[in-house]
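Engineer: Sequence lines, in order, name chains A and B.
Under UniProt numbering, the residue at position 183 of the first sequence is numbered 183, and the numbers go up by one with no gaps.
Under UniProt numbering, the residue at position 39 of the second sequence is numbered 39, and the numbers go up by one with no gaps.
None of these hints come from the bench; they were simulated from the model.
Don't be surprised by glycine CBs; every beta carbon is placed ideally from N, CA and C.
You can trust all of the hints, since none of them are fake.
Some chain A residues well away from chain B (every beta-carbon gap over 10 Å; in silico): (1) D11; (2) Q129; (3) S141; (4) R150; (5) T177; (6) E181; (7) K182.
Computed cross-link-like contacts, PhoX-like style, restricted to lysine-lysine with a CA-CA straight-line distance of at most 25 Å: (8) K24(A) to K30(B); (9) K8(B) to K55(B); (10) K182(A) to K170(A); (11) K168(A) to K27(B); (12) K27(B) to K90(A); (13) K27(B) to K87(A); (14) K24(A) to K90(A); (15) K11(B) to K24(A); (16) K8(B) to K56(B); (17) K24(A) to K94(A); (18) K24(A) to K170(A); (19) K170(A) to K27(B).
Rough simulated footprint, nothing fancy, chain B against chain A, three-plus residues with beta-carbon under 8 Å: (20) 16-29; (21) 36-47; (22) 83-97.
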Amino acid sequence: MKFFQATHTFDHSWAQVTAANWMKYPNEQCPHVVAVDVLERHVDPETGVLRTERLLTCNQNAPALVLKFLGGSTVSYVRETSELDPKTQKLTMKTQNLSMCNVLTINETITYTAHPHDESSTMFKQEAQIAAGSALSRFSSYIEDFCLTRFRDNAAVGRAGFEMVLEKLKHARQEATSQLEKATTSAVNAAAATAAL
Amino acid sequence: MSASVGEKCTKIKQEYDSCFNAWYSEKFLKGDATPQCDDLFFKYKECLMKTLEEKKLDVVLADARKDNPFPNASSSSSSSSASSTSSDSPKKD
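Generate coordinates for the entire structure from the input sequences, incorporating the hints supplied.
Structural biologist: Okay, here's the thing in structure tokens:
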């Protein structure tokens, strides 16, 4: 079993980061995620927590050795369950692979928490456990190392991709605000001109 | 917006996504959890369920839920998925 951990701070508010999280894909940095589906979703009537269950469809490249065990298929599925508490401003997402579980299990937990002292930034924490199954005991160390490296690369690329999504949304917001300001200014000018008549 | 695993579900899925994203930022984060996108979600889910069966993913998901259950909306009174507006769809749970 191998472990992976990473932390990061996004310079965007928790509201912005979590809104962007639902729009993370497609993103050009992560072309392997080809589909995202919502299986279930509800707000817990007692706690106000938003729970979501999603299915991610991935098209992964894998080494020949791994492909052998997959029967040549490169499509894999990941189930993600999340709990989002708007009161404590915490989003926890857990993912597990649904494909090739007998070969390899990857359990990942990601949290996005509002920064306690800076509401314009959000703390990100990612943890993963990677374990090769007994079917591969001879190769388990090779597989785990390969996956850990891949996971680390993907995590960095995924974060970069998410930063891009956040920036795009920020620009869209600024654009909308400036359009609104322009419209307001011209409306005010028009009103002033009318009033002046 | 991302595609659905079922090609034919992508359009309705993206309509649902748009509705949800607006609801999330404009309502939910401002303290209003009243459901707004249920009709779209039911239509999308109907399509999605068929695809999951076709791809035999329903069985895989059922197995995964045994180990790591996804809690039901514990009360039928209100939730974003328990519909208050949809008349043609049964409760989805």
